[in-house]
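Peer 1: Each chain, written out:
2 protein chains.
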Amino acid sequence: MTGTKAAFFNVQPVASALDTLFQHWTPELRTEKLDTRQALGRVLAAAPLSPMHLPSFRRSTMDGYAVRAADTYGASQSLPAYLTCVGTITMGTETTGDIQSGQAVLIHTGGMLPISADAVVMIERTQAIGENEIEVLSPAAPGENVVQIGEDVTLNEAILPVGHRLRAQDIGGLLAVGILSVEVVKPPRVGILSSGDELIVPDEQPSPGQIRDINTYTLAGLLQEAGGKIVSLGIARDEMEHFLMLAQNSFPSCDLLVITAGSSMSTRDLTCEVITKLGKPGILQHGLAVKPGKPTIIAVCNDKPVIGLPGNPVSAFLVALQIVVPLIKRLLHEASRPAATVRATLASNIPSTAGREDMIPVHLISQNGGFVAEPVFGKSNLIYTLVKADGLLHIPLNQTGLKAGATVEVTLF
Amino acid sequence: MTGTKAAFFNVQPVASALDTLFQHWTPELRTEKLDTRQALGRVLAAAPLSPMHLPSFRRSTMDGYAVRAADTYGASQSLPAYLTCVGTITMGTETTGDIQSGQAVLIHTGGMLPISADAVVMIERTQAIGENEIEVLSPAAPGENVVQIGEDVTLNEAILPVGHRLRAQDIGGLLAVGILSVEVVKPPRVGILSSGDELIVPDEQPSPGQIRDINTYTLAGLLQEAGGKIVSLGIARDEMEHFLMLAQNSFPSCDLLVITAGSSMSTRDLTCEVITKLGKPGILQHGLAVKPGKPTIIAVCNDKPVIGLPGNPVSAFLVALQIVVPLIKRLLHEASRPAATVRATLASNIPSTAGREDMIPVHLISQNGGFVAEPVFGKSNLIYTLVKADGLLHIPLNQTGLKAGATVEVTLF
Numbered sequence: 108m109t110g111t112k113a114a115f116f117n118v119q120p121v122a123s124a125l126d127t128l129f130q131h132w133t134p135e136l137r138t139e140k141l142d143t144r145q146a147l148g149r150v151l152a153a154a155p156l157s158p159m160h161l162p163s164f165r166r167s168t169m170d171g172y173a174v175r176a177a178d179t180y181g182a183s184q185s186l187p188a189y190l191t192c193v194g195t196i197t198m199g200t201e202t203t204g205d206i207q208s209g210q211a212v213l214i215h216t217g218g219m220l221p222i223s224a225d226a227v228v229m230i231e232r233t234q235a236i237g238e239n240e241i242e243v244l245s246p247a248a249p250g251e252n253v254v255q256i257g258e259d260v261t262l263n264e265a266i267l268p269v270g271h272r273l274r275a276q277d278i279g280g281l282l283a284v285g286i287l288s289v290e291v292v293k294p295p296r297v298g299i300l301s302s303g304d305e306l307i308v309p310d311e312q313p314s315p316g317q318i319r320d321i322n323t324y325t326l327a328g329l330l331q332e333a334g335g336k337i338v339s340l341g342i343a344r345d346e347m348e349h350f351l352m353l354a355q356n357s358f359p360s361c362d363l364l365v366i367t368a369g370s371s372m373s374t375r376d377l378t379c380e381v382i383t384k385l386g387k388p389g390i391l392q393h394g395l396a397v398k399p400g401k402p403t404i405i406a407v408c409n410d411k412p413v414i415g416l417p418g419n420p421v422s423a424f425l426v427a428l429q430i431v432v433p434l435i436k437r438l439l440h441e442a443s444r445p446a447a448t449v450r451a452t453l454a455s456n457i458p459s460t461a462g463r464e465d466m467i468p469v470h471l472i473s474q475n476g477g478f479v480a481e482p483v484f485g486k487s488n489l490i491y492t493l494v495k496a497d498g499l500l501h502i503p504l505n506q507t508g509l510k511a512g513a514t515v516e517v518t519l520f
Numbered sequence: 108m109t110g111t112k113a114a115f116f117n118v119q120p121v122a123s124a125l126d127t128l129f130q131h132w133t134p135e136l137r138t139e140k141l142d143t144r145q146a147l148g149r150v151l152a153a154a155p156l157s158p159m160h161l162p163s164f165r166r167s168t169m170d171g172y173a174v175r176a177a178d179t180y181g182a183s184q185s186l187p188a189y190l191t192c193v194g195t196i197t198m199g200t201e202t203t204g205d206i207q208s209g210q211a212v213l214i215h216t217g218g219m220l221p222i223s224a225d226a227v228v229m230i231e232r233t234q235a236i237g238e239n240e241i242e243v244l245s246p247a248a249p250g251e252n253v254v255q256i257g258e259d260v261t262l263n264e265a266i267l268p269v270g271h272r273l274r275a276q277d278i279g280g281l282l283a284v285g286i287l288s289v290e291v292v293k294p295p296r297v298g299i300l301s302s303g304d305e306l307i308v309p310d311e312q313p314s315p316g317q318i319r320d321i322n323t324y325t326l327a328g329l330l331q332e333a334g335g336k337i338v339s340l341g342i343a344r345d346e347m348e349h350f351l352m353l354a355q356n357s358f359p360s361c362d363l364l365v366i367t368a369g370s371s372m373s374t375r376d377l378t379c380e381v382i383t384k385l386g387k388p389g390i391l392q393h394g395l396a397v398k399p400g401k402p403t404i405i406a407v408c409n410d411k412p413v414i415g416l417p418g419n420p421v422s423a424f425l426v427a428l429q430i431v432v433p434l435i436k437r438l439l440h441e442a443s444r445p446a447a448t449v450r451a452t453l454a455s456n457i458p459s460t461a462g463r464e465d466m467i468p469v470h471l472i473s474q475n476g477g478f479v480a481e482p483v484f485g486k487s488n489l490i491y492t493l494v495k496a497d498g499l500l501h502i503p504l505n506q507t508g509l510k511a512g513a514t515v516e517v518t519l520f
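Same order as they appear, the protein sequences are chains A and B. In this text, residue positions in the first sequence follow the working numbering: the first is 108, and each later residue adds one. In this text, residue positions in the second sequence follow the working numbering: the first is 108, and each later residue adds one.
Don't read these hints as lab results, they were simulated from the structure. Nothing here was measured: the structure is a model prediction, and the numbers come from that model. Please note: incorrect hints may appear among the correct ones.
Since the list can't tell identical chains apart, any single copy or any two copies may satisfy a pair.
Said to hold, decoys possible - Derived SDA-like pairs (lysine to any residue); straight-line CA-CA distance at most 25 angstroms:
1) K486 - Y180
2) K436 - E332
3) K293 - Q145
4) K401 - T168
5) K436 - L471
Kindly produce the complete structure, drawing on both the sequences and the hints.
Peer 2: Here is the structure:
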């Protein structure tokens with residue numbers, strides 16, 4: 108009974124555990140067609156080509172006069188060019204009339220230029236004299252204040268790459284050229300299964316010895332925000348039959364299964380057995396060189412990743428951030444993007460062991476126009492250490508700690 | 108007809124325009140009760156108090172033996188303490204049995220300590236000898252490897268402040284103490300009205316002189332992500348009756364109205380007239396010291412903010428980011444949070460005029476483990492300058508520009 112299994116973990120860094128997983132698993136691409144207006148936040152599965160030049164006609168960028176630029180050469184305040192104004196461009200309709208040399212036409216921002224006009228003189232650079240004559244007070248270069256045909260985007264241009272997550276402005280760009288539907292990646296179905304005899308659903312009143320299951324909900328929130336579609340599998344009792352039944356029942360309808368092991372060692376062993384029964388090749392790695400999160404299980408069963416997370420809610424959440432979120436991005440075939448952080452000054456020393464990554468919850472305090480990052484103290488299994496934190500500090504594998512006063516990059520969460 | 112109205116704008120910096128608005132408007136607090144499990148991303152309208160101590164019993168943080176710490180004083184590898192193991196704690200049930208001096212009980216992570224035990228010795232620091240006896244190889248301090256009652260959160264503790272936007276871990280923290288519903292702020296209803304005779308809905312094929320309305324959708328995406336509930340009012344023609352009808356019909360059911368003016372000067376004047384008719388005090392500010400976005404209108408009508416954005420999609424989007432998103436946060440009574448950015452090296456000089464803020468779309472290129480920020484060139488009214496950009500560079504009011512090679516903070520968007 109002096110099991111020292113935990114001590115015998117052959118731990119791997121997070122990055123190499125993920126590499127191992129990717130060697131055993133290639134996600135399939137499941138796509139669907141969506142109305143572009145409903146596609147905010149979705150990932151493109153095909154690169155749309157523009158079906159048109161945008162704009163499709165030469166538009167003015169200013170309120171002013173459409174002119175032939177050559178008619179304004181050398182114009183100045185003291186020696187203006189005199190042009191005859193022959194009308195006003197109507198917004199929203201085709202400009203069919205034209206201007207001759209010596210003529211101008213009043214045009215508004217967005218108006219369509221007459222065929223022979225090649226520039227727009229801002230209204231502020233003109234002076235009306237009489238009813239139909241204007242003075243142009245400075246020369247216009249050809250093309251000045253004009254958006255050319257196709258200047259925004261050209262016919263057949265690939266406008267966004269595969270793997271791009273659509274933002275508000277992208278939806279606008281697509282609609283601007285009349286792309287009304289897009290091929291996007293289906294949200295991966297992420298099964299979440301909690302286990303542990305001590306767990307009850309939050310609606311129940313815990314008796315002594317019991318606690319409410321929260322991993323089901325913290326992980327659902329995190330993984331849903333990453334783009335997953337959550338399938339809640341419930342709470343497995345610490346016995347093989349019930350645990351395996353819950354896992355097997357839903358496994359076929361998931362693209363990825365996350366199991367939070369009960370907190371006791373025996374449950375962790377049970378989790379391993381259940382995962383082994385879900386399919387080949389099974390467990391690839393047991394143990395990560397990360398704190399918290401050491402007893403994490405990485406597996407592939409029947410071409411699907413299965414991740415066994417530690418049962419304590421803090422470890423489960425932080426390992427899910429590092430392991431499960433990247434898997435969802437892989438399932439979404441989403442291109443990587445730069446990570447934004449908040450720079451802060453560290454308030455106190457943080458020790459760390461070389462050969463292990465550390466994830467430290469920190470509280471950010473506004474000070475002198477910048478921020479101070481204060482580690483949130485408390486045992487690493489207390490959910491309120493995450494509730495009270497504004498972000499995470501990551502200490503990489505081969506760093507032995509951070510000193511008070513150091514400038515650090517905090518990832519908000 | 109040589110109107111130079113635009114040049115006469117009495118422009119104000121964004122911050123002082125917002126100040127003026129806040130002097131004339133105090134948002135009402137509209138709340139609703141929600142199932143905690145459905146409240147991800149919502150803003151708390153009341154500060155929940157914990158109805159219990161968490162944990163409600165003393166839990167072990169390790170697999171090991173629950174002991175009386177005093178029994179292990181002075182224990183070492185060469186001179187272990189000998190204890191009698193009197194059983195195993197069952198997970199999920201109340202521990203009713205107790206230990207006497209000289210006794211220990213096997214306990215798993217999360218198990219409930221017997222009343223007289225005050226520490227847990229990790230299993231790795233013990234050695235089984237015979238069936239019921241163990242050697243303890245190092246001393247345990249009182250409280251070691253034990254989570255005390257209320258150590259995560261205590262009874263009646265205010266666990267999250269009003270104005271806090273709920274994250275995945277917060278949902279977990281609330282559910283952990285059995286808070287099954289929360290009082291949150293109702294999403295503010297944001298009316299979006301486009302105007303301009305040249306605009307058609309994206310489903311239509313534009314004739315020469317026409318363009319598709321995209322502001323309705325880019326703003327909807329942006330403002331929905333900020334927490335607004337979008338009410339689309341459609342496209343107003345450039346004539347008073349239609350424009351005013353669309354605005355007035357929906358104004359009573361909105362908490363905030365955003366109008367994108369048509370691009371021509373006459374439409375901008377029309378927008379001013381419509382806003383003036385929506386209620387008192389009306390227009391507070393016309394003109395912002397920001398590029399793009401100068402012709403923005405800030406108004407309060409009948410105790411609701413009305414923002415007139417420039418018609419060009421880039422200006423409309425960038426001003427909405429600076430003006431409308433903060434109004435939505437105000438309507439949500441949301442506490443401000445640190446802003447995360449990506450640090451990058453600027454690829455080229457950017458000129459800017461003092462007394463004006465600039466918003467420069469930039470593309471981020473990964474280079475030498477860092478990023479280079481390349482301004483996206485193109486006329487400022489081309490939507491693809493935003494589609495091709497990864498983020499924004501903000502040049503503050505009194506800076507005259509940035510030099511190539513400077514370290515800059517890019518806000519992703």
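Peer 1: How do K401 and T168 come out at 25 angstroms by Cα distance, when the copy is not named: within, between, both, or neither?
Peer 2: Between copies only: 14 angstroms across, 60 angstroms inside.
Peer 1: How would you label the pair K436, L471 (within, between, both, or neither) given a Cα cut-off of 25 angstroms?
Peer 2: between (28 angstroms within a copy, 20 angstroms between copies)
Peer 1: Treating 25 angstroms as the Cα threshold, decide for K486 and Y180: within, between, both or neither.
Peer 2: between (77 angstroms within a copy, 23 angstroms between copies)
Peer 1: Which holds for K436 with E332 at a C-alpha limit of 25 angstroms: within a copy, between copies, both or neither?
Peer 2: both (11 angstroms within a copy, 20 angstroms between copies)
Peer 1: Checking an output row: K293 and Q145, CA cutoff 25 angstroms. Within, between, both or neither?
Peer 2: both (13 angstroms within a copy, 22 angstroms between copies)
Every hint from the earlier list agrees with this structure, and none is contradicted.
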